[in-house]
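Visitor: Protein sequences, first through last, are from chains R and Z.
So for the first sequence, my numbering puts the first residue at 1; every next one is plus one.
So for the second sequence, my numbering puts the first residue at 1; every next one is plus one.
No lab work stands behind these hints: they were computed from the structure.
Every value quoted in this text rests on a predicted model; they were computed, and no experiment measured them.
The beta-carbon is built from N, C-alpha and C at its ideal position, and this holds for glycine as well.
One or more of the hints may lead you astray.
[To be verified] Here are the simulated lysine to any residue pairs, SDA-like style, with alpha carbons at most 25 Å apart:
1. R:Lys-21 x R:Leu-347
2. Z:Lys-21 x R:Thr-67
3. R:Lys-300 x Z:Arg-60
4. R:Lys-266 x Z:Arg-60
5. Z:Lys-21 x R:Asp-96
[Claimed, not checked] Derived contacts from chain R toward chain Z, CB cut-off under 7 Å, selection only:
6. Gln-11
7. Phe-117
8. Leu-193
9. Ser-243
10. Thr-254
11. Leu-263
12. Gln-290
13. Val-293
14. His-294
15. Tyr-296
Protein chains: 2
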Amino acid sequence: MKTNKGFDNLQHNYLFAEVAKRTQLHIAKYGDDKICRLGIGDVVQPLSPTVVLALEQASRQMGEVDTFKGYGEYSGYDFAKASLVDYYGCKGIDLDKGDVFVTDGAKSTLGLILDLFDKPCTVAIPNPVYPVYVDTNILNGNNIFYIDGNIQNNFLPQPPKTKVDIVYLCNPNNPTGNVYTRTQLQAWVDYALSNNSIILYDSAYEAFVAPKDECYASSIFQINGAKLCCIEIGSLSKTASFSGLRGGWIVISTTIRHNLNLLFNKLISFKTNGVSYLSQVALSATLSTQGMVHNYKNIKQYLDNAKILKGILTEKNIYNCGGVMSPYIWLQVPHNKSGWEFFDRLLKWGIVGTPGEGFGENGKGFFRLSSFANIDDIYIASQILYSNL
Amino acid sequence: MKTNKGFDNLQHNYLFAEVAKRTQLHIAKYGDDKICRLGIGDVVQPLSPTVVLALEQASRQMGEVDTFKGYGEYSGYDFAKASLVDYYGCKGIDLDKGDVFVTDGAKSTLGLILDLFDKPCTVAIPNPVYPVYVDTNILNGNNIFYIDGNIQNNFLPQPPKTKVDIVYLCNPNNPTGNVYTRTQLQAWVDYALSNNSIILYDSAYEAFVAPKDECYASSIFQINGAKLCCIEIGSLSKTASFSGLRGGWIVISTTIRHNLNLLFNKLISFKTNGVSYLSQVALSATLSTQGMVHNYKNIKQYLDNAKILKGILTEKNIYNCGGVMSPYIWLQVPHNKSGWEFFDRLLKWGIVGTPGEGFGENGKGFFRLSSFANIDDIYIASQILYSNL
Chain R
1 MKTNKGFDNL QHNYLFAEVA KRTQLHIAKY GDDKICRLGI GDVVQPLSPT VVLALEQASR
61 QMGEVDTFKG YGEYSGYDFA KASLVDYYGC KGIDLDKGDV FVTDGAKSTL GLILDLFDKP
121 CTVAIPNPVY PVYVDTNILN GNNIFYIDGN IQNNFLPQPP KTKVDIVYLC NPNNPTGNVY
181 TRTQLQAWVD YALSNNSIIL YDSAYEAFVA PKDECYASSI FQINGAKLCC IEIGSLSKTA
241 SFSGLRGGWI VISTTIRHNL NLLFNKLISF KTNGVSYLSQ VALSATLSTQ GMVHNYKNIK
301 QYLDNAKILK GILTEKNIYN CGGVMSPYIW LQVPHNKSGW EFFDRLLKWG IVGTPGEGFG
361 ENGKGFFRLS SFANIDDIYI ASQILYSNL
Chain Z
1 MKTNKGFDNL QHNYLFAEVA KRTQLHIAKY GDDKICRLGI GDVVQPLSPT VVLALEQASR
61 QMGEVDTFKG YGEYSGYDFA KASLVDYYGC KGIDLDKGDV FVTDGAKSTL GLILDLFDKP
121 CTVAIPNPVY PVYVDTNILN GNNIFYIDGN IQNNFLPQPP KTKVDIVYLC NPNNPTGNVY
181 TRTQLQAWVD YALSNNSIIL YDSAYEAFVA PKDECYASSI FQINGAKLCC IEIGSLSKTA
241 SFSGLRGGWI VISTTIRHNL NLLFNKLISF KTNGVSYLSQ VALSATLSTQ GMVHNYKNIK
301 QYLDNAKILK GILTEKNIYN CGGVMSPYIW LQVPHNKSGW EFFDRLLKWG IVGTPGEGFG
361 ENGKGFFRLS SFANIDDIYI ASQILYSNL
């Protein structure tokens with residue numbers, strides 16, 4: 001027996017594990033009273049009352065013979081798929097229940113979906129970006145073609161001249177917080193259509209863009225031709241505080257090229273047993289009008305937080321982007337220091353952030369601050385940054 | 001872009017999907033008033049009051065800032081791992097929290113785990129067996145070496161002469177309901193130790209064996225040397241009616257060969273975001289003394305059901321096995337008919353079962369009945385079988 005050679009090719013410890021480790025060491029030494037956690041992109045607001053009520057009710061249903069739910073459809077319950085179809089309807093996108101699948105979150109779906117494709121394939125991955133795209137592809141033995149993000153292109157790389165099989169886009173972007181315009185996205189869709197590529201579109205932060213914004217898109221399916229070549233991976237972790245509950249979705253149109261909708265249906269029947277009934281009830285509840293009113297209130301708070309942090313960086317003449325339609329602010333580390341040096345410096349002051357190099361070579365010398373924090377922590381962090389930067 | 005060639009090599013529709021399809025067609029024609037579902041192995045008893053209470057409480061926790069849980073440890077919360085360590089302690093097995101991982105169920109874990117191994121590898125799979133082992137390995141491009149089960153070896157194949165990388169064992173077996181003795185399992189562990197193989201031990205039905213049975217094992221870790229070469233995949237779907245809730249575990253000892261515990265830790269950090277907090281709370285509640293008393297009551301009911309069905313088959317002189325430490329009874333279809341013919345015949349009478357060919361070539365001419373049904377359905381089914389067979 002031999003183990004997967006991909007493990008030997010992984011370049012680094014998993015970023016957030018390293019962040020957690022250093023933070024734990026700091027806390028063990030100094031206590032955690034004053035730590036402002038602007039590191040890992042995890043929400044701080046709890047589930048909405050609408051969702052809690054739905055979960056309590058569903059829990060009781062699961063305790064009665066007549067309403068108990070065992071295995072469900074691999075692709076999700078009809079009621080949950082109907083909620084997703086409605087959600088896309090509000091964005092002006094016409095989907096059918098056959099186009100949507102309920103998932104237990106974006107990350108596991110991003111891992112699973114690679115099984116659809118022949119290996120090794122060539123995969124375009126922005127640099128910097130959410131490191132999971134790189135790690136899963138290395139593990140799968142695929143060839144990675146990095147597409148460079150930098151200050152010149154506003155960290156929004158354009159389609160390459162080279163032909164690739166798969167393109168990863170994360171929009172709004174993690175870690176830079178920048179957002180492609182609809183025109184820029186159209187260029188990507190056109191690229192995929194002419195090169196027979198598939199775009200894996202990670203829309204975990206879509207709710208930070210208004211559903212019908214005319215300049216920016218809150219779904220790739222607002223772009224012409226996208227249904228033929230795009231797979232959209234959605235998450236409720238940031239939108240509705242589902243990070244600990246697990247719940248998301250994936251859209252693969254039945255009209256997509258290469259029969260990928262059918263193949264994904266097969267794949268989930270071999271490799272999953274569907275998603276928790278409770279998560280599906282919660283998904284449906286949170287996508288209701290009442291649920292979304294609550295969610296948008298939280299999102300507004302996170303955006304207000306971002307504005308405060310961004311204001312300080314700008315005032316200190318530190319290059320930064322993002323933080324307008326995104327909870328993330330991406331900044332250039334002052335004085336040519338490395339991201340991990342800046343991390344350790346901030347940690348000493350009681351602020352946890354994320355070093356840019358964790359997101360790829362082009363992240364070196366940059367740093368991500370997350371606005372997923374309560375307002376008190378944001379004020380404390382702001383004062384510290386204002387006084388020390 | 002090319003799709004995974006493995007899809008072309010899949011031999012059949014997914015078994016339970018086909019069963020569901022034919023059943024739906026029947027219901028559309030005749031209504032579902034009198035259908036006795038002894039087909040898919042899904043429980044009918046609801047979650048225990050202990051679990052429901054824990055879920056309601058956890059739901060409310062998730063709605064308050066101070067008790068809200070976002071992303072957790074990839075491997076599971078400490079309290080959930082402690083419950084698993086205790087559960088194994090009751091079987092006389094000494095584990096550490098580092099040896100156990102909370103999962104969202106056995107099937108997705110069985111899919112995920114193949115990423116640990118180099119491809120293509122040679123995989124020994126019993127025939128007949130739960131079809132997911134075969135499908136996921138075909139999709140991964142591995143070489144399958146079938147190990148024959150038949151009436152002569154009581155459908156419990158022994159270690160082959162050939163050297164393989166990975167061995168799948170499902171014990172108690174799905175679909176045959178048969179159970180290896182400890183002596184037979186020792187032969188498998190010895191085989192793995194001498195051939196540098198890894199055993200993937202699916203223990204989804206372990207709770208149907210008494211925790212400290214001296215002749216049979218309720219965990220592979222009751223066998224000498226197993227920690228070095230065995231991975232045990234556990235599920236709460238059958239034990240505690242978690243099929244719709246999703247919750248299970250995997251044990252990979254930190255002392256296992258090839259550093260697989262470390263690699264699995266890496267793998268879940270790339271490909272998952274941990275398991276729902278609610279599922280973990282439920283797991284812990286159901287493994288408590290109170291929870292397990294409830295679970296064993298249900299299991300006893302399913303075993304009583306099996307006894308009734310088995311009695312009729314035996315009286316009618318139909319070869320059958322299983323159904324003693326398993327919810328499944330495996331029977332030889334009378335009059336040399338095929339499993340799907342028998343399926344259609346039973347369906348006409350209002351009974352849904354599962355054709356043996358769905359579990360592999362050696363299942364041809366056999367049939368699986370599941371005792372996961374309420375007692376009224378078992379009585380109706382028994383009368384029908386008694387009168388018509």
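Visitor: The structure should be examined with respect to each hint, and the outcome stated for every one.
Guide: To see whether the hints hold, each was checked on the structure:
no., hint, verdict
1, R:Lys-21 x R:Leu-347, "holds, 12 Å"
2, Z:Lys-21 x R:Thr-67, "holds, 23 Å"
3, R:Lys-300 x Z:Arg-60, "holds, 24 Å"
4, R:Lys-266 x Z:Arg-60, "violated, 36 Å"
5, Z:Lys-21 x R:Asp-96, "holds, 21 Å"
6, Gln-11, "violated, 12 Å"
7, Phe-117, "holds, 6 Å"
8, Leu-193, "violated, 12 Å"
9, Ser-243, "holds, 4 Å"
10, Thr-254, "violated, 16 Å"
11, Leu-263, "holds, 6 Å"
12, Gln-290, "violated, 14 Å"
13, Val-293, "violated, 16 Å"
14, His-294, "violated, 11 Å"
15, Tyr-296, "violated, 18 Å"
The structure is inconsistent with the numbered hints 4, 6, 8, 10, 12, 13, 14, 15, although it conforms to all the rest.
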